[in-house]
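So the protein lines, in turn, are chains Z and H. Note that the numbering used here has the first sequence beginning at 36, numbered continuously upward. Note that the numbering used here has the second sequence beginning at 8, numbered continuously upward.
Treat the hints as calculated values from the structure; they're not laboratory data. All residues carry an ideal CB built from backbone N, CA and C; glycine is no exception. Honestly, I wouldn't trust all of these hints.
Residues from chain H that keep clear of chain Z, each with C-beta distances beyond 12 angstroms, as calculated [as the list claims (entries may be wrong)]:
1) TYR25
2) GLY59
3) PHE89
4) PRO96
5) ASP102
6) ALA107
7) ILE110
8) ARG111
9) GLY145
10) ALA155
11) LEU164
12) THR257
13) TYR381
Keeping only pairs whose Cα atoms sit at most 27 angstroms apart, straight-line, the calculated DSSO-like set for lysine-lysine is [stated by the list, open to error]:
14) LYS23(H) with LYS167(Z)
15) LYS249(Z) with LYS112(H)
16) LYS169(Z) with LYS120(H)
17) LYS314(H) with LYS277(H)
18) LYS136(H) with LYS249(Z)
19) LYS314(H) with LYS249(Z)
20) LYS249(Z) with LYS120(H)
21) LYS81(H) with LYS167(Z)
22) LYS249(Z) with LYS161(H)
23) LYS112(H) with LYS169(Z)
24) LYS249(Z) with LYS121(H)
25) LYS249(Z) with LYS277(H)
26) LYS256(Z) with LYS81(H)
27) LYS314(H) with LYS256(Z)
28) LYS249(Z) with LYS81(H)
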Amino acid sequence: MAAINHSITMEQGTYNEEEVAKLHSLMNARALRKKRIRKAVLVSVNIIFALFMLFPLLYSVSVSIMPSDELFTMEMNLIPSHPTFDNYVRAFTQVPLVRFILNSFLVAGCITLGQIITCSLAAFAFSFLNFKGKNVLFMLVMATMMVPGEAVIISNYLTVSSLNLLDTYIVLILPSLTSAMGIFLFRQFYMTFPISLYESAKLDGCGNLRFIVKILIPLTKSAIGAMAVYTFINAWNMYMWPLLVTGSEEMRTVQIGISMLNSVDAQSITLMMAGVVAIIIPSMVIFIVGQKQLISGMFSGAVKG
Amino acid sequence: MSELLLKNVCKMYDRKQYAVRDFSLKIEDGEFVIFVGPSGCGKSTTLRMIAGLEDITSGELWIDKQLCNYVETKDRDLSMVFQNYALYPQMTVYDNMAFALQIRKVPKKEIDKKVHEAASILGIEHLLKQRPGALSGGQKQRVAIGSAIMREPKAFLMDEPLSNLDAKLRAQMRVELSELHKRLGATMIYVTHDQTEAMTLGTRIVVMKDGYIQQADTPKEVYDNPANRFVAGFIGSPSMNFFEGKIRPTDKGADFEFTNGLRLEIPENKAFALANEYRNKNVILGVRPEHFFAEVVQKDPKADYTKRTLSGKIVAREMLGAESMFYLEETFAGEFAVRLPVETKGRVGEEMALFVDMDRVHFFDADTEKNIFYRGGQQ
Chain Z
36 MAAINHSITM
46 EQGTYNEEEV
56 AKLHSLMNAR
66 ALRKKRIRKA
76 VLVSVNIIFA
86 LFMLFPLLYS
96 VSVSIMPSDE
106 LFTMEMNLIP
116 SHPTFDNYVR
126 AFTQVPLVRF
136 ILNSFLVAGC
146 ITLGQIITCS
156 LAAFAFSFLN
166 FKGKNVLFML
176 VMATMMVPGE
186 AVIISNYLTV
196 SSLNLLDTYI
206 VLILPSLTSA
216 MGIFLFRQFY
226 MTFPISLYES
236 AKLDGCGNLR
246 FIVKILIPLT
256 KSAIGAMAVY
266 TFINAWNMYM
276 WPLLVTGSEE
286 MRTVQIGISM
296 LNSVDAQSIT
306 LMMAGVVAII
316 IPSMVIFIVG
326 QKQLISGMFS
336 GAVKG
Chain H
8 MSELLLKNVC
18 KMYDRKQYAV
28 RDFSLKIEDG
38 EFVIFVGPSG
48 CGKSTTLRMI
58 AGLEDITSGE
68 LWIDKQLCNY
78 VETKDRDLSM
88 VFQNYALYPQ
98 MTVYDNMAFA
108 LQIRKVPKKE
118 IDKKVHEAAS
128 ILGIEHLLKQ
138 RPGALSGGQK
148 QRVAIGSAIM
158 REPKAFLMDE
168 PLSNLDAKLR
178 AQMRVELSEL
188 HKRLGATMIY
198 VTHDQTEAMT
208 LGTRIVVMKD
218 GYIQQADTPK
228 EVYDNPANRF
238 VAGFIGSPSM
248 NFFEGKIRPT
258 DKGADFEFTN
268 GLRLEIPENK
278 AFALANEYRN
288 KNVILGVRPE
298 HFFAEVVQKD
308 PKADYTKRTL
318 SGKIVAREML
328 GAESMFYLEE
338 TFAGEFAVRL
348 PVETKGRVGE
358 EMALFVDMDR
368 VHFFDADTEK
378 NIFYRGGQQ
């Protein structure tokens with residue numbers, strides 16, 4: 036205490052109170068100005084880059100509400116002078132876009148649910164249980180990640196066609212019900228999970244399934260959220276496989292349905308853009324809702340914390 | 008409550024390395040047994056084998072006269088307190104404590120009664136609605152102990168439960184644990200590397216090294232009658248001083264001779280046996296720091312204390328409060344530690360002459376390192 040009092044009297048000895056106050060406001064103003072300038076520069080650079088990155092998206096939104104005669108001119112029309120929702124109405128009436136969206140929701144939803152269940156269970160076994168050949172098996176699973184999907188697409192097609200599954204929801208969902216990527220993601224997450232919690236639960240008389248439901252899932256919500264967003268968007272954007280195995284219009288998913296807009300009226304780019312914008316919306320919504328989870332889940336294994 | 012019997016239990020990792028070897032021990036109902044030893048001695052592995060978290064490579068584990076080698080962890084009815092508390096972070100303290108009973112489908116009313124009972128024993132009633140994240144280390148450990156005592160298991164297993172706490176809290180929890188043991192009358196098995204915890208808590212101490220039991224006995228016996236040099240050095244803080252030398256017979260009995268020829272007279276009760284069996288042979292003399300005196304205390308009127316003197320140069324001095332630690336150096340004896348009353352004079356660099364309480368020293372065989380006068384003891 037004595038030392039502190041001493042230093043205060045020293046200060047008061049050299050400056051009087053008014054001078055100190057003046058000094059404070061002067062220093063404060065300078066620091067504040069510096070801070071504001073730095074922030075302004077940062078924000079403007081960010082805006083420029085954001086505009087650059089978002090330009091294709093923004094332009095397609097703009098085209099989608101443009102009458103087609105405005106698009107096909109020699110001038111550069113970035114913004115429609117007579118905005119119209121006509122394109123959207125036509126897109127939804129010319130092809131059964133609602134049906135496509137519902138199909139995609141059903142397929143992507145089932146795939147997401149399926150992957151979360153299978154991947155989390157597999158990852159649980161790989162990280163909590165001890166059995167012979169665990170590491171070899173895990174490496175095998177990882178090795179499947181290195182085989183590109185296109186390489187097996189023909190053999191997969193032959194398999195499902197011999198099972199008479201072509202042109203059904205099942206064929207769209209079944210091959211994607213599990214993924215090595217998901218298993219890997221969950222396993223990495225579980226590796227950071229304190230093993231003593233599992234052991235403690237066992238001593239409490241808790242079986243494996245109860246442990247997963249009561250303790251593991253509630254504590255790994257962020258990993259599940261990240262996985263759900265990632266899987267849903269991937270499934271929503273699937274193109275090659277649905278194109279190959281579906282024939283009838285009722286079974287088509289949005290990504291293929293959109294290309295039908297092209298074949299119906301080859302000239303109408305505005306119409307296609309309206310369709311594209313319409314189907315981007317669901318995946319954007321999913322991303323915005325799950326974005327926090329996605330980032331925390333993706334990086335949760337990276338650093339301890 | 009129950010008794011445990013371990014018969015020749017071994018644990019081998021990767022088919023080549025033994026972590027625990029021939030561990031045989033009978034733990035009676037209500038005992039507080041401490042497994043103590045340096046890290047890597049197999050104490051935690053043994054505890055985990057009892058819990059069922061590790062497989063037993065060979066040997067038998069009997070709990071209440073039932074062979075338990077192959078019984079699953081969740082069916083062994085043991086409870087365990089972990090070093091890092093292992094509380095479920097998403098549940099409140101109440102749910103954490105109630106979890107084990109909820110699994111066993113105990114009626115809600117009964118659970119509620121028991122939680123409040125256990126909470127009041129441990130003084131954590133005001134925390135029941137909080138989550139573990141909001142608690143301090145000591146509180147977390149109390150909750151962990153609380154959830155362990157909830158369901159009255161056959162035995163409590165504790166794996167270094169206090170080592171994450173600060174020194175003051177650790178001392179306090181030590182007292183509480185000891186009280187809890189008395190109150191519950193439960194069988195407890197406790198793993199620690201801290202010999203103070205072992206000495207103060209246990210009714211029996213099992214000292215381990217390299218997977219083998221070195222000695223299993225009461226704290227007093229382990230301290231006064233160590234089985235070998237390792238136990239003598241591990242138990243007691245600061246640890247025992249060891250000096251190499253030879254036994255030289257004299258007309259009165261025998262002397263211990265340091266490598267430079269300095270001699271210490273050995274009391275009669277030990278002298279004859281040593282003179283007979285270790286005549287002119289190498290032995291190791293063990294003296295605890297607390298068994299030196301700066302001034303002669305004439306305990307034995309016949310003894311000549313001038314013949315029981317060792318001197319050395321003071322290299323360091325530590326003030327502990329009531330006592331002072333002196334670290335002395337002597338060319339032939341090496342460095343040794345001495346605990347003396349705080350008012351003892353002596354500065355660093357000075358010579359100091361000390362009397363050795365030869366009635367309380369230990370002699371160890373130079374080859375086997377066994378205590379020559381070890382009195383059997385239970386295993």
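Hint check results:
1. TYR25: Non-interface label stands for TYR25(H): nearest chain Z Cβ at 19 angstroms, farther than 12 angstroms.
2. GLY59: Its Cβ does come within 12 angstroms of chain Z, the nearest being 8 angstroms, so this is violated.
3. PHE89: violated, 5 angstroms
4. PRO96: Non-interface label on PRO96(H) violated, nearest chain Z Cβ at 7 angstroms vs cutoff 12 angstroms.
5. ASP102: Contrary to the label, ASP102(H) does not stay out of reach of chain Z, its closest Cβ about 10 angstroms off (not over 12 angstroms).
6. ALA107: violated, 4 angstroms
7. ILE110: violated, 5 angstroms
8. ARG111: violated, 6 angstroms
9. GLY145: Correct as stated: the minimum Cβ-Cβ distance to chain Z is 18 angstroms, above 12 angstroms.
10. ALA155: Since the minimum Cβ distance to chain Z is about 9 angstroms, ALA155(H) lies within 12 angstroms and the statement is violated.
11. LEU164: violated, 8 angstroms
12. THR257: holds, 60 angstroms
13. TYR381: Fine: 38 angstroms to the nearest Cβ keeps TYR381(H) off the interface.
14. LYS23(H) with LYS167(Z): It holds: about 17 angstroms lies between the C-alpha atoms, which stays within 27 angstroms.
15. LYS249(Z) with LYS112(H): holds, 15 angstroms
16. LYS169(Z) with LYS120(H): violated, 44 angstroms
17. LYS314(H) with LYS277(H): holds, 16 angstroms
18. LYS136(H) with LYS249(Z): holds, 19 angstroms
19. LYS314(H) with LYS249(Z): Outside the cut-off at roughly 72 angstroms; violated.
20. LYS249(Z) with LYS120(H): holds, 23 angstroms
21. LYS81(H) with LYS167(Z): holds, 22 angstroms
22. LYS249(Z) with LYS161(H): holds, 25 angstroms
23. LYS112(H) with LYS169(Z): Answer violated: LYS112(H) to LYS169(Z) is near 34 angstroms, above 27 angstroms.
24. LYS249(Z) with LYS121(H): Since the Cα atoms of LYS249(Z) and LYS121(H) sit roughly 22 angstroms apart, the hinted pair holds (cutoff 27 angstroms).
25. LYS249(Z) with LYS277(H): Violated, at roughly 65 angstroms.
26. LYS256(Z) with LYS81(H): Roughly 26 angstroms separates the two Cα atoms, so the pair holds.
27. LYS314(H) with LYS256(Z): Violated, at roughly 75 angstroms.
28. LYS249(Z) with LYS81(H): holds, 16 angstroms
Hints 2, 3, 4, 5, 6, 7, 8, 10, 11, 16, 19, 23, 25 and 27, counting from the list given before, are not met by this structure.
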